[in-house]
Amino acid sequence: MSVLINRRWFHIIMVVLLLGAFGFLSEGCINKKPILIGFSAQLTGRQAELGVQERNGVQLAVETINEKGGVAGHKIDLIVQDDLGIPEKAKEADQELIKAGVLAIIGHATTAQAVAGLEVTDPANVIMLSPTVSSPKLSGLDDYFFRVYPSFKDSAQAFAQYTYQHDRITQLAIIYDNDNAAYAKTYSTAFAEKFQLIGGKIANEVSFSSTAQPDFAPILLKLRESKADGLLIIASDVDTALIAQRARLMDWNVPLYTSAWAQTETLIKNGGQAVEGLKLEQSYAMSSQTPVFLDFQSRYQARFGQDPSFGAAFGYEAALVLAVALEKTDGKAEGLRKALTEIRDFQGLMNTFSFDRFGDVERPFYLSAIRDGKFIILEKMTLNGTGGK
Amino acid sequence: MTNRKDFPFLRQVILHLILFRLFLPLLVLGVTAIVGVSYLEERNLEIQQYQIAQSMARIVEHHLDQGGRILDAVAMLAEFSRPESLSTYMKSTWEAYGYFETLYYLDEAKKVKILAPDDSRYLGLDMSNLPDIQQTREKQSLIISRPFISLRTGEPTVYLIKAVAGKGYVVGELNLGLFQQEITNITGRSGNDFVFIMDQTGTIIAHPSPDLVKQQINLSNLEIFNRIQTGKVNGVYLYNGSRVLGSAVRVERTGWLVVNQVSLSSFFGLYIWILVLIFVTTSIIWLLLMWDIRKQLQRFVISPLEQFSRVTHALIAGNFTQANFLTAQSTAFAELNKLAHDFQSMSDTLQTREEALYKVKEDLEVQVAERTQELMAANKELQMLSSLDGLTGIGNRRYFDQVLTQEWQRGIRQGTPLALIMIDIDFFKNYNDSYGHQVGDDCLKQVASILKATLRRSIDCAARYGGEEFAAVLPDTDAAGAALVAEEIRSKIEGQAIKHESSSISKVVTVSVGVAAVVPIIGSQPSMIIKLADQALYQAKHNGRNRVEVV
Chain L
1 MSVLINRRWF HIIMVVLLLG AFGFLSEGCI NKKPILIGFS AQLTGRQAEL GVQERNGVQL
61 AVETINEKGG VAGHKIDLIV QDDLGIPEKA KEADQELIKA GVLAIIGHAT TAQAVAGLEV
121 TDPANVIMLS PTVSSPKLSG LDDYFFRVYP SFKDSAQAFA QYTYQHDRIT QLAIIYDNDN
181 AAYAKTYSTA FAEKFQLIGG KIANEVSFSS TAQPDFAPIL LKLRESKADG LLIIASDVDT
241 ALIAQRARLM DWNVPLYTSA WAQTETLIKN GGQAVEGLKL EQSYAMSSQT PVFLDFQSRY
301 QARFGQDPSF GAAFGYEAAL VLAVALEKTD GKAEGLRKAL TEIRDFQGLM NTFSFDRFGD
361 VERPFYLSAI RDGKFIILEK MTLNGTGGK
Chain C
1001 MTNRKDFPFL RQVILHLILF RLFLPLLVLG VTAIVGVSYL EERNLEIQQY QIAQSMARIV
1061 EHHLDQGGRI LDAVAMLAEF SRPESLSTYM KSTWEAYGYF ETLYYLDEAK KVKILAPDDS
1121 RYLGLDMSNL PDIQQTREKQ SLIISRPFIS LRTGEPTVYL IKAVAGKGYV VGELNLGLFQ
1181 QEITNITGRS GNDFVFIMDQ TGTIIAHPSP DLVKQQINLS NLEIFNRIQT GKVNGVYLYN
1241 GSRVLGSAVR VERTGWLVVN QVSLSSFFGL YIWILVLIFV TTSIIWLLLM WDIRKQLQRF
1301 VISPLEQFSR VTHALIAGNF TQANFLTAQS TAFAELNKLA HDFQSMSDTL QTREEALYKV
1361 KEDLEVQVAE RTQELMAANK ELQMLSSLDG LTGIGNRRYF DQVLTQEWQR GIRQGTPLAL
1421 IMIDIDFFKN YNDSYGHQVG DDCLKQVASI LKATLRRSID CAARYGGEEF AAVLPDTDAA
1481 GAALVAEEIR SKIEGQAIKH ESSSISKVVT VSVGVAAVVP IIGSQPSMII KLADQALYQA
1541 KHNGRNRVEV V
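Protein chains in written order, with our numbering: chain L, 1 to 389; chain C, 1001 to 1551.
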């Protein structure tokens, strides 16, 4: 019976067809369920640059981790939310992320949004790990808030000390963005207290609302009238740039100081010559030559076509340290807080750091300035040992 | 029956034939055709995609050209006219075209001298650090900056910068929403296309999701971004976790990348649905076909064949009654029909022959039976003849011996008496001499007849002992009983009054009778009673004949 094809062939054909069908359908279903990590910061609008930089840093870290096989065998899925720089939106964004099932949220970029978001994340026992929030208002709280950036409690004072002792500023004017009062007002107060303590005088202090996009000319005129010999701007990059420009336009060539908040390329781009010589204190050791940091810089440059700023670096660190903690909890949310507080001497991009039991870090801070359109580090500062040259 | 394992059933054979020679080849052909068509469609799609990306790139170039022309006009005016008229002209241009978000005129130090729309907050601002503005002096042509978020509007923006000879720069702030609009148009038109634009670093300039542009998402990790660096314009890669087919075109003027991509699953989804549909429908058709073929085969081929088999078995067993069932059965095709008819006629022929044979056999059997009966009758006759006396018709000497021996044995077994009567016709020699043998024979016949008639019990036996002597065996009879019988015989014969002139004692035929009766015992011989009866007969002769003597 040559017409008969063996019954086995029939089975083989059927099995091949079925396997083909299943293989097609199950493509991509083979991997383990990914770990969901949220990111939340301001990504759109005039002040978005810091958040975008942080997002890029986190994204690069996640891509790096996933390339190496993920965390505890799981790939990380980054869910990004835009808090629009509005506290209410920050709450909504975090609510969305928690609803999506994220194990932790990296963010926010600014204090006001972080404070608002914590109202949602803390009751839900979800970790919020901020790359750049530095207000001491959030220090020493036994909550789910962590950060890789140190509180400005010491650095603001050291900065005040520097302006008074080194730059010989005696009459300081302060302008701050009241929309991020949790940061800006606190910074202003911390700075002013120290400045006054060591003998300086606060000539004037004014606040503004950045969302209103005010004309800074009349505000600055008022400040100039107070005979200030130094101006501290506590505002976002664009507002700092505009204030600096406006001051110079008025021929008010007073020394300018700002906080780490404004530390982005946007400040330089929009500040033009006006921000040349502007000084700030911050924790980003941009001139670090450690191999880890150089590697990060080159990979960031390759990935995003520009140099990383401090937001990118701290975002990257935040994602890395979170991944290490998640590795310890085997990719689960349970015990994540404990795992984070137990992290000691974590090798960051520029130096090592450890979380204390409140989720805060102690890291070195530096006196920086803008020179020739670039941020440079002038010196490392300590609270009591700063003394110029 | 043992061949069943080696040979498949007809149904299997036919279903295999249909499956492998018809059904699967057709299915494979269909699948190959669909795969082929989808491949060709995919090639077509690549070309189409590329063309759409190209046209998008041309649209982008066109917009930039238009921006360039507007800036050229403004620059021209800036070169040759006074600032007041420039301000007016810029304002009217800004209003008339609505093309730029903002128009700036910068002085040599790159500070804002004039801007449209008028906004005092930005007058005098130093823009020297804005992206790509530094290099403008060297090149006299149009410079297009990298995208960034506008200080003034907070929107994603690029600057078009034109140097004014010796007098600064004109800068147009172009909102990327313009390209967004074009992308929405193109995406809305074709439905399938997913077009977006990246700058030379991978940052999104325009995208169907505008938020990605505002959030300055960078997609330099997309494979297509790297492929275009190596000169390839098409690629299949992962986008947002799903596989897409993308084509990319570079906008020569800016180095931007227009990407048009189609989700492979949505494109191939159609073909996969067709394939699934084909598999499902063919499976259903196959099942129906199998079911129908089975049914039809069963009805028109297998059932008749099985019927053949049964009828053949019946034929072997000699049963012809089922044979006509075949032609009554409906068959679907000529061959089987012919076979049925052939079989029918074969069966009929066989039946005729068998019936003829059967008839012959039956006749033979009748004849044999007849002959056997005749033979048996003859045998019986012969047997009778052999135990009867030819003349008198009563038992002969042989018969007598046989009976006596039998009864003797019975007597021994039962312990019953046995009587023997011996009869001798007196002076029979003389009778024969006087009347001749013919009459003598008649006399013998008469005596025998009387003897036979007198013995009324069926177990009694009369026989001709020899010559003119007769004997009677009376089982279960004692001497007295036997004497009575003997006396009756003697008197009846005398009473017959057969004339006997030559008798010394009487004018008629008389007989002498000797009677003996014994209870036989084991070891005794029947000859003993014969001897006793003979003695009694002798006694009767001696005592004057025509009398009975008992021992």
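Derived from the structure by calculation, the hints contain no laboratory data. Note that CB positions come from ideal geometry on N, CA and C, so glycine has one too. Some hints here could point you the wrong way.
[As the list claims (entries may be wrong)] Heads up, simulated EDC-like pairs for lysine to aspartate or glutamate below, C-alpha to C-alpha not over 20 Å straight-line:
id, chain 1, residue 1, chain 2, residue 2
1, C, 1113, L, 215
2, L, 75, L, 88
3, C, 1429, C, 1442
4, C, 1541, C, 1501
5, L, 374, C, 1442
6, L, 89, C, 1155
7, C, 1338, L, 276
8, C, 1111, L, 327
9, C, 1111, L, 276
[Stated by the list, open to error] Here are the computed distance ranges between Cβ atoms for each label pair:
id, chain 1, residue 1, chain 2, residue 2, range
10, L, 193, C, 1062, 56 to 64 Å
11, L, 14, C, 1314, 41 to 49 Å
12, L, 298, C, 1263, 28 to 36 Å
13, L, 68, C, 1040, 55 to 63 Å
14, L, 198, C, 1097, 24 to 32 Å
15, C, 1165, L, 197, 55 to 63 Å
16, L, 197, C, 1117, 45 to 53 Å
Hint by hint, here is what the structure shows:
{"no.": "1", "hint": "1113/C x 215/L", "in the structure": "holds (17 Å)"}
{"no.": "2", "hint": "75/L x 88/L", "in the structure": "violated (31 Å)"}
{"no.": "3", "hint": "1429/C x 1442/C", "in the structure": "holds (14 Å)"}
{"no.": "4", "hint": "1541/C x 1501/C", "in the structure": "holds (19 Å)"}
{"no.": "5", "hint": "374/L x 1442/C", "in the structure": "violated (181 Å)"}
{"no.": "6", "hint": "89/L x 1155/C", "in the structure": "holds (19 Å)"}
{"no.": "7", "hint": "1338/C x 276/L", "in the structure": "violated (112 Å)"}
{"no.": "8", "hint": "1111/C x 327/L", "in the structure": "violated (53 Å)"}
{"no.": "9", "hint": "1111/C x 276/L", "in the structure": "holds (15 Å)"}
{"no.": "10", "hint": "193/L x 1062/C: 56 to 64 Å", "in the structure": "holds (60 Å)"}
{"no.": "11", "hint": "14/L x 1314/C: 41 to 49 Å", "in the structure": "holds (43 Å)"}
{"no.": "12", "hint": "298/L x 1263/C: 28 to 36 Å", "in the structure": "holds (33 Å)"}
{"no.": "13", "hint": "68/L x 1040/C: 55 to 63 Å", "in the structure": "violated (41 Å)"}
{"no.": "14", "hint": "198/L x 1097/C: 24 to 32 Å", "in the structure": "violated (58 Å)"}
{"no.": "15", "hint": "1165/C x 197/L: 55 to 63 Å", "in the structure": "holds (57 Å)"}
{"no.": "16", "hint": "197/L x 1117/C: 45 to 53 Å", "in the structure": "holds (48 Å)"}
The structure fails to meet hints 2, 5, 7, 8, 13, 14 from the earlier list, while all remaining hints are met.
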